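Colleague: Sequence:
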Amino acid sequence: MLNLSLPTALVLIDNQAAFSHPTYWGTSRSNPNYETNLQSLLNAFRTARRTNPALPLEIIHVFHSSTSATSPLHPADPSKGAHPLDFAQPATDNSEPVFWKNVNSCFIGTRLEAYLRDKGIRQVLFAGLTTDHCVSTTVRMAANLGVVDVYPEGRPEVLADGKQSVKPVEQGVVVLVSDATATWAKGGFDAETVHAVSVESLRGEFAEVMNYIPPQYPDNFELPPIFKEKDHKGHEKWEEIDSTVSEASVKADRGDVQFEVKKQETKSTKTTKNLRPDLEPEPTVHDM
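Here numbering that gives the first Met the number 0 is used: the first residue of the sequence shown is 0, the next is one more, and so on.
You may find that some hints are simply not true.
[As the list claims (entries may be wrong)] If you anchor each label on the Cβ, the simulated ranges turn out as follows:
id, residue 1, residue 2, range
1, A53, S27, 38 to 48 Å
2, K79, T35, 15 to 25 Å
3, R202, L158, 30 to 40 Å
4, D85, G186, 22 to 32 Å
Since the hints were derived computationally from the structure, they do not count as laboratory data. All values reported here derive from a predicted model rather than from experimental measurement. Even glycine gets a Cβ: it sits at the ideal position worked out from N, Cα and C.
Using the sequences and the accompanying hints, generate a full structural model.
Modeller: This is the structure in structure tokens:
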């Protein structure tokens, strides 16, 4: 369940110039729409923060500083590969925290965990590079650390005899935005296979998996929130809400997406389009 009334953080991982190197990581990359989807996701969060200042939203950037002198992500590399990619530059007003790491996990050697807890984040979305390395490691650690969970009576413990102390927990939500991540072919497996297996290894046990599908409108067009689902015939249906959304939640299941919207006004319009009836829609993160 994705609920925008919860304190939410978008964590963008390792979107750095070094990953544009033509051969260092390989010549075959998954998800050709990674750049477009991630930029649209970032813009959606920025728009939501700008137009709804009361929404508890955080945008966080984590970058990698390699300890290997031969890596294009090393800070002394002449290509300046550690620099952020143009489309994923942090905001210039310092409103988007930046953390630097030198291992796969965004939580080791950084203050990311402390920052999320200090802000009371209950829902965290992860996107960036690479799906099978830093993104996967970070998502797993977020789930294991319970960074979005609340333990009113303290965390449960495993006792010396293997028994566990039972304590209440208010579980938060960890989300992997799978189409805003990418990886490279390796070990004889093509890039899309590596990507898909990495995503499926995280689904359920470590995170909810969703896709972000940006709306096809001009950049200067003021959009109402748009939600995508299936109608009773299995066709894609778009619902445009004309009023200001005060709370939105998304229930994501593997074969369907259901939306619950609480609005300040009731006026709405609906249109149904048979866009791709041959394809089964994937769970999506709506444009906020």
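Colleague: Determine for every hint whether it applies to the structure shown.
Modeller: Hints, verified against the model:
The beta-carbon spacing between A53 and S27, approximately 44 Å, falls within the hinted interval of 38 to 48 Å. A C-beta distance of roughly 24 Å is found between K79 and T35, which places it inside the suggested range of 15 to 25 Å. Between R202 and L158 the beta carbon distance is about 31 Å. The supplied range of 30 to 40 Å therefore holds. For the pair D85 and G186, the supplied restraint of 22 to 32 Å holds, since their beta-carbon distance comes to about 31 Å.
Hint compliance for this structure: no hint is broken.
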